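Colleague: Given chain A, work out where chain B should sit, using these hints.
If you want the building blocks of each chain, they are given just below.
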Amino acid sequence: MGSLVALLVVLPLACSAAALIEKALPRLRIARPAAVAGLAGMAAILAATATPLMTVPAGRGLATEIGSWSSPIGIVLCLDGMAWVASLAVLIVCLAALLSASAGRSRGALYWFFFLVQVAGLEGALLTRDLFNLFVFLEVAGIAGCVLIAANGGPRPLLASLRYLVASTVSMALYLVGVYLLYRLTGSLSIDAIAAALGDPALTGVPSVRRGLSVAGACLVVGVGLRSAVVPLHAWLPAAHAEAPHEVSAMLSGAVLKVTIVNMVRLAPIAGPFLPQDLYLWAGTASALVGVAMALCQLDMKRLLAWSSVSQVGYIVAVLALSESGRSAAFAHLVSHALFKSLLFLSIGMVVEATAEHRIDRLGRLAGVLPVPFVGFLVGAAAIAGLPPFSGFASKKLVLDALSAAPAALWICRIVAVGTAASFLKLSQVFWSAYRGAAPSVRHSGVSAMSTASLALLAACCIAAGISPSPLIGALNGFLGLNAAAPAVYDAAALAESFITLGAGAAVFLIVRTRTAARIARTIRSAAAGFEGTIGWTLAGFAALAGVALIIAG
Amino acid sequence: MIDSALVLVLLLVGAWGVATRRNLVKKVMALGILTTAIVALFVTLGSTIGITAPIILEGTAETVDPLPQALMLTAIVVGVCVTALALVLVERLHRRTGSTSIAAIERRDGDREEDRGG
Numbered sequence: 001m002g003s004l005v006a007l008l009v010v011l012p013l014a015c016s017a018a019a020l021i022e023k024a025l026p027r028l029r030i031a032r033p034a035a036v037a038g039l040a041g042m043a044a045i046l047a048a049t050a051t052p053l054m055t056v057p058a059g060r061g062l063a064t065e066i067g068s069w070s071s072p073i074g075i076v077l078c079l080d081g082m083a084w085v086a087s088l089a090v091l092i093v094c095l096a097a098l099l100s101a102s103a104g105r106s107r108g109a110l111y112w113f114f115f116l117v118q119v120a121g122l123e124g125a126l127l128t129r130d131l132f133n134l135f136v137f138l139e140v141a142g143i144a145g146c147v148l149i150a151a152n153g154g155p156r157p158l159l160a161s162l163r164y165l166v167a168s169t170v171s172m173a174l175y176l177v178g179v180y181l182l183y184r185l186t187g188s189l190s191i192d193a194i195a196a197a198l199g200d201p202a203l204t205g206v207p208s209v210r211r212g213l214s215v216a217g218a219c220l221v222v223g224v225g226l227r228s229a230v231v232p233l234h235a236w237l238p239a240a241h242a243e244a245p246h247e248v249s250a251m252l253s254g255a256v257l258k259v260t261i262v263n264m265v266r267l268a269p270i271a272g273p274f275l276p277q278d279l280y281l282w283a284g285t286a287s288a289l290v291g292v293a294m295a296l297c298q299l300d301m302k303r304l305l306a307w308s309s310v311s312q313v314g315y316i317v318a319v320l321a322l323s324e325s326g327r328s329a330a331f332a333h334l335v336s337h338a339l340f341k342s343l344l345f346l347s348i349g350m351v352v353e354a355t356a357e358h359r360i361d362r363l364g365r366l367a368g369v370l371p372v373p374f375v376g377f378l379v380g381a382a383a384i385a386g387l388p389p390f391s392g393f394a395s396k397k398l399v400l401d402a403l404s405a406a407p408a409a410l411w412i413c414r415i416v417a418v419g420t421a422a423s424f425l426k427l428s429q430v431f432w433s434a435y436r437g438a439a440p441s442v443r444h445s446g447v448s449a450m451s452t453a454s455l456a457l458l459a460a461c462c463i464a465a466g467i468s469p470s471p472l473i474g475a476l477n478g479f480l481g482l483n484a485a486a487p488a489v490y491d492a493a494a495l496a497e498s499f500i501t502l503g504a505g506a507a508v509f510l511i512v513r514t515r516t517a518a519r520i521a522r523t524i525r526s527a528a529a530g531f532e533g534t535i536g537w538t539l540a541g542f543a544a545l546a547g548v549a550l551i552i553a554g
Numbered sequence: 001m002i003d004s005a006l007v008l009v010l011l012l013v014g015a016w017g018v019a020t021r022r023n024l025v026k027k028v029m030a031l032g033i034l035t036t037a038i039v040a041l042f043v044t045l046g047s048t049i050g051i052t053a054p055i056i057l058e059g060t061a062e063t064v065d066p067l068p069q070a071l072m073l074t075a076i077v078v079g080v081c082v083t084a085l086a087l088v089l090v091e092r093l094h095r096r097t098g099s100t101s102i103a104a105i106e107r108r109d110g111d112r113e114e115d116r117g118g
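From first to last, the protein sequence lines are chains A and B. In terms of the numbering used here, the first sequence is residues 1 to 554. In terms of the numbering used here, the second sequence is residues 1 to 118.
For reference, chain A alone in the conformation it holds in the complex (with noise of 0.2 Å):
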């Protein structure tokens, strides 16, 4: 069983040098099918340990331990409950990210290695219990994620993807020097060492370790907080996942942001001792008000979706780590998430190839032309607002009703989630409004087997897991080693509740259509963090939470 867990990294990585022996044969064409293959291979080891791991308690799962050197020296693997949820989430929309990359464009050697490399850095990020392996594997998946970016040229792309790259770099950095400090202060790098060392009062008591663990609990925090776009490091995601590849969009905004916020709730034991207790919560509000502010100005239709993917992961970061609940409800919205976020890019995607347009405001009446990905958008955008019987209805009640326990924080969410519903009407202008101006020319309708089987995977998704989710959440919370019972989810209160934001939306849109709001919009739209701006907010958040570590721990 041991060794399954580490063929979810291997498997990729073997399939991507399959996939590199196209360049040197390029008659072979086998890089999409080991693509294929790669991700076949990952879906089996994943069936074939979800019965096993049902049973075993949070925290524990299968291990195994590489090159046989064990804990505290060693690296270990360990897939449990959180990573296998996590890996099936990543699993399906990279599936749909292949199908629809088949449909597109044919796609060199290169990219399904730089895809598979991804798939392979993903998994391990989410396996992995030592810092500084999880440092090595997000390199490596933030590596391939930015060649993936830039993969049609551009200079858009391009700028978007080296400032990504800065970034992150920073942020690696400030990562390093806290693992630099947990090593020099426990003597481990094993994340569940560490832990336990951080219990011993006699360690916690000395004053300068205690100054020192705050620090490094910072910098732990913000190294992977940056790669989950949570405010104020988020400035880097929406030219990122806008000038991407419409399925290295879908990728980036349904499968990396969810590894990366597992890697959070990991660190979360060792470096929160000395945090705010309420860090991830306000920092979460403070994405989900901050990006759907934004996300309702935007005329750029996948920066409209870049822009919700932050305020989405606020939901979820606001949530993780408030009580069981809350960590379930947290879950529950990143795979719902991971399914709609990818399933919208997608459409979108086939919209923009098929208009060769970005802008909200050039394009109207697209449905009929193009009603397959009408569709898609319409399942998408209603599990994002919340509507039944998405995914949507269900992860997002979970959501609110665990926020009850901090009611300022509830009643932002719930402002939040009427903004979500006014800019998906605001998205879907493309399809039935009345735009007078010269017509687009729909070159092709861009609509292929390919395209139509990854929507309807993604929307099949959507409904199944919308039509009957308390089994669902019964298993997830069973994973995740909870002992909360799967709360029902269909009672009046949160239908009225739905549909009520529904109308709230609907009422905002209206006003967001008048000329001054557009006039207010633009202002605010260039208010966003250019490429400097991202560096100086990633070095002042920094700032900020180190200096308030520094003070909590005395």
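Read the hints as simulated data drawn from the structure, not as lab findings. All values derive from a computational prediction rather than experimental measurement. There's no promise every hint is true.
Said to hold, decoys possible - Examples of chain B residues lying across from chain A (beta carbon under 7 Å, computed):
id: 1; residue: V9
id: 2; residue: F42
id: 3; residue: L45
id: 4; residue: I49
id: 5; residue: I105
Unchecked claim - One-sided and incomplete, this derived list gives chain B residues near chain A with beta-carbon spacing under 8 Å:
id: 6; residue: A19
id: 7; residue: L89
id: 8; residue: I102
Claimed, not checked - Restraint-style ranges between C-beta atoms, simulated for each label pair:
id: 9; chain 1: B; residue 1: V9; chain 2: A; residue 2: G474; range: 53 to 61 Å
id: 10; chain 1: A; residue 1: I467; chain 2: B; residue 2: L87; range: 45 to 53 Å
id: 11; chain 1: A; residue 1: A40; chain 2: B; residue 2: I2; range: 53 to 61 Å
id: 12; chain 1: A; residue 1: G108; chain 2: B; residue 2: I2; range: 45 to 53 Å
id: 13; chain 1: A; residue 1: V375; chain 2: B; residue 2: A104; range: 39 to 47 Å
id: 14; chain 1: B; residue 1: L12; chain 2: A; residue 2: I73; range: 28 to 36 Å
Even for Gly, the Cβ is constructed at its ideal location relative to N, Cα and C.
Modeller: This is chain B only, laid out in the frame that chain A set:
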């Protein structure tokens, strides 16, 4: 003491360079300085417990801690990959836009939100 001070100076110089220099090539250089500072930090960490090379021969004692050095080999490789990728991106940007200044590129091709949507 002096090592920590020097490493701190390197870290600050690297961070300042990445944050403030307008030229993309200088930003990549500053990234390199930042990575070097981290490597120096870890290597000096290892040397706090001893002074000789960590090779087990007859009569060796008080070796440095080998773990941080091993970690930094990996970190150096990662740094090389990142620098290589960053330079390729900068070169491509220069070829496409004729400039290595962020302001010029953003102004010309409108990466700013207002140009993309306004």
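Colleague: Return the status of the interface hint for L45(B): holds when the least beta-carbon distance to chain A is below 7 Å, violated otherwise.
Modeller: Status holds, d = 6 Å.
Colleague: Please check whether I105(B) passes as an interface residue: C-beta within 7 Å of a C-beta belonging to chain A.
Modeller: holds (6 Å)
Colleague: When you take the CB atoms of L12(B) and I73(A), is the distance between them in 28 to 36 Å?
Modeller: holds (33 Å)
Colleague: Is the interface hint for I49(B) satisfied, with its Cβ closer than 7 Å to some Cβ of chain A?
Modeller: violated (10 Å)
Colleague: Are I467(A) and L87(B) spaced within 45 to 53 Å by their CB atoms?
Modeller: holds (51 Å)
Colleague: Are V9(B) and chain A close enough, Cβ to Cβ, to be under 7 Å, as the hint says?
Modeller: It is violated, given that the least Cβ distance between V9(B) and chain A is near 14 Å, above 7 Å.
Colleague: Grab the minimum C-beta distance from A19(B) to chain A and call the hint holds if it beats 8 Å, violated otherwise.
Modeller: holds (5 Å)
Colleague: Holds or violated: is there a CB of chain A closer than 7 Å to the CB of F42(B)?
Modeller: Since the shortest Cβ distance to chain A is 6 Å, the answer is holds.
Colleague: With 8 Å as the cut and Cβ atoms as the points, is I102(B) at the interface with chain A?
Modeller: Since chain A brings a Cβ to about 5 Å from I102(B), closer than 8 Å, the hint holds.
Colleague: Cβ-Cβ distance between A40(A) and I2(B): within 53 to 61 Å?
Modeller: Between A40(A) and I2(B), where Cβ atoms are some 57 Å apart, the hint holds.
Colleague: Is it true that the C-beta distance of G108(A) to I2(B) lies inside 45 to 53 Å, as the hint says?
Modeller: For G108(A) and I2(B) the Cβ distance comes to about 52 Å; the hint holds.
Colleague: Against the range 39 to 47 Å, how does the distance between the Cβ atoms of V375(A) and A104(B) compare: consistent or not?
Modeller: holds (43 Å)
Checked against the numbered hints listed earlier, the structure breaks hints 1 and 4; every other hint is satisfied.
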